[in-house]
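So you can see what is in the structure, the chains are spelled out below.
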Amino acid sequence: DQQVKQNSPSLSVQEGRISILNCDYTNSMFDYFLWYKKYPAEGPTFLISISSIKDKNEDGRFTVFLNKSAKHLSLHIVPSQPGDSAVYFCAARLWVSGTYKYIFGTGTRLKVLA
Amino acid sequence: DAGVTQSPTHLIKTRGQQVTLRCSPISGHKSVSWYQQVLGQGPQFIFQYYEKEERGRGNFPDRFSARQFPNYSSELNVNALLLGDSALYLCASSPRVGSNQPQHFGDGTRLSIL
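Chains as they are written, first to last, in this note's numbering: chain A, 1 to 114; chain B, 1 to 114.
Heads up, a few of these hints could be off.
[Unchecked claim] With a straight-line Cα cutoff of 20 Å, these simulated SDA-like cross-link-like pairs (lysine to any residue) come out:
(1) A:101 to B:104
(2) A:68 to B:30
(3) B:30 to A:100
(4) A:101 to B:99
[Unchecked claim] Here chain A is said to cover these stretches of chain B; the calculated rule only asks that three of the stretch's residues, wherever they fall, bring their Cβ under 8 Å from a Cβ of chain A:
(5) 41 to 50
(6) 100 to 112
To be clear, the hints were calculated from the coordinates, so they are not data collected in a lab.
Note that this is a predicted model, so its numbers are computed, not measured.
Glycine included, every Cβ here is placed at the ideal spot set by N, Cα and C.
Make the full structure from the sequences, and use the hints.
In structure tokens:
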């Protein structure tokens, strides 16, 4: 039961353009959403997060949008840079049995072309 | 400041053997979580520990066990290794359970089972 889905395994974008990465979820009890970036041979690095009570959070070139009615999350990167080429994971947090549990999507590989 | 450190970085074992993976959290972080990431998938939650107590467990068999020490470092043990246990094992730390501060990941231990 994949509660967090990233339906695009890969995405290619020209340098300077906008990258939009999407994530869909099924559980309305998720209360916090995060995006992580992962380079080969490194662990995931936290990028940006958003609480379920908000619909937008911005940090520099990165903006996360949350549409609760559609159960949809997106990450916008503007402008895209070659160094942004990595695998991006969305994650959602759920309170289960007295603790928080994080559920990750399968990732989207972003390639920014110079 | 040092991030989350994991050892060893790579490990090769044969079926039926046992393995111990180690994790040191960021200084001041009291919560440690373990994840398994197989190729093409996102990280899957295995365990969470906080203040030396198990706070959460994912859908993994009893061959998987973990513990947290008084200095908040942690070990993940896997017994009777199977070929399917080949994966990247990630450790993540956070200050405590439940804050809106994200988990920070180490670079992982790559475990290969022959």
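Comparing the hints with the structure gives:
1. Straight-line distance between C-alpha atoms of residue 101 of chain A and residue 104 of chain B comes to about 14 Å, which keeps the hinted pair within the 20 Å bound.
2. The suggested pairing of residue 68 of chain A with residue 30 of chain B is violated, with an alpha-carbon distance near 32 Å, which exceeds 20 Å.
3. Between residue 30 of chain B and residue 100 of chain A, the direct Cα distance comes to roughly 14 Å. Compliance with the 20 Å bound is thereby established for this hinted pair.
4. Simply put, residue 101 of chain A and residue 99 of chain B have alpha-carbon atoms about 12 Å apart, close enough for the 20 Å limit, and the pair holds.
5. Coverage of a stretch by a chain is defined here by at least three residues with a beta carbon nearer than 8 Å to that chain's beta carbons; for the region 41 to 50 of chain B and chain A the count is 7, and the condition holds.
6. Look at the region 100 to 112 of chain B against chain A: 8 of its residues bring a Cβ nearer than 8 Å to a Cβ of that chain, three or more, so the hint holds.
In summary, the structure is inconsistent with hint 2 from the numbered list given earlier, while agreeing with all the others.
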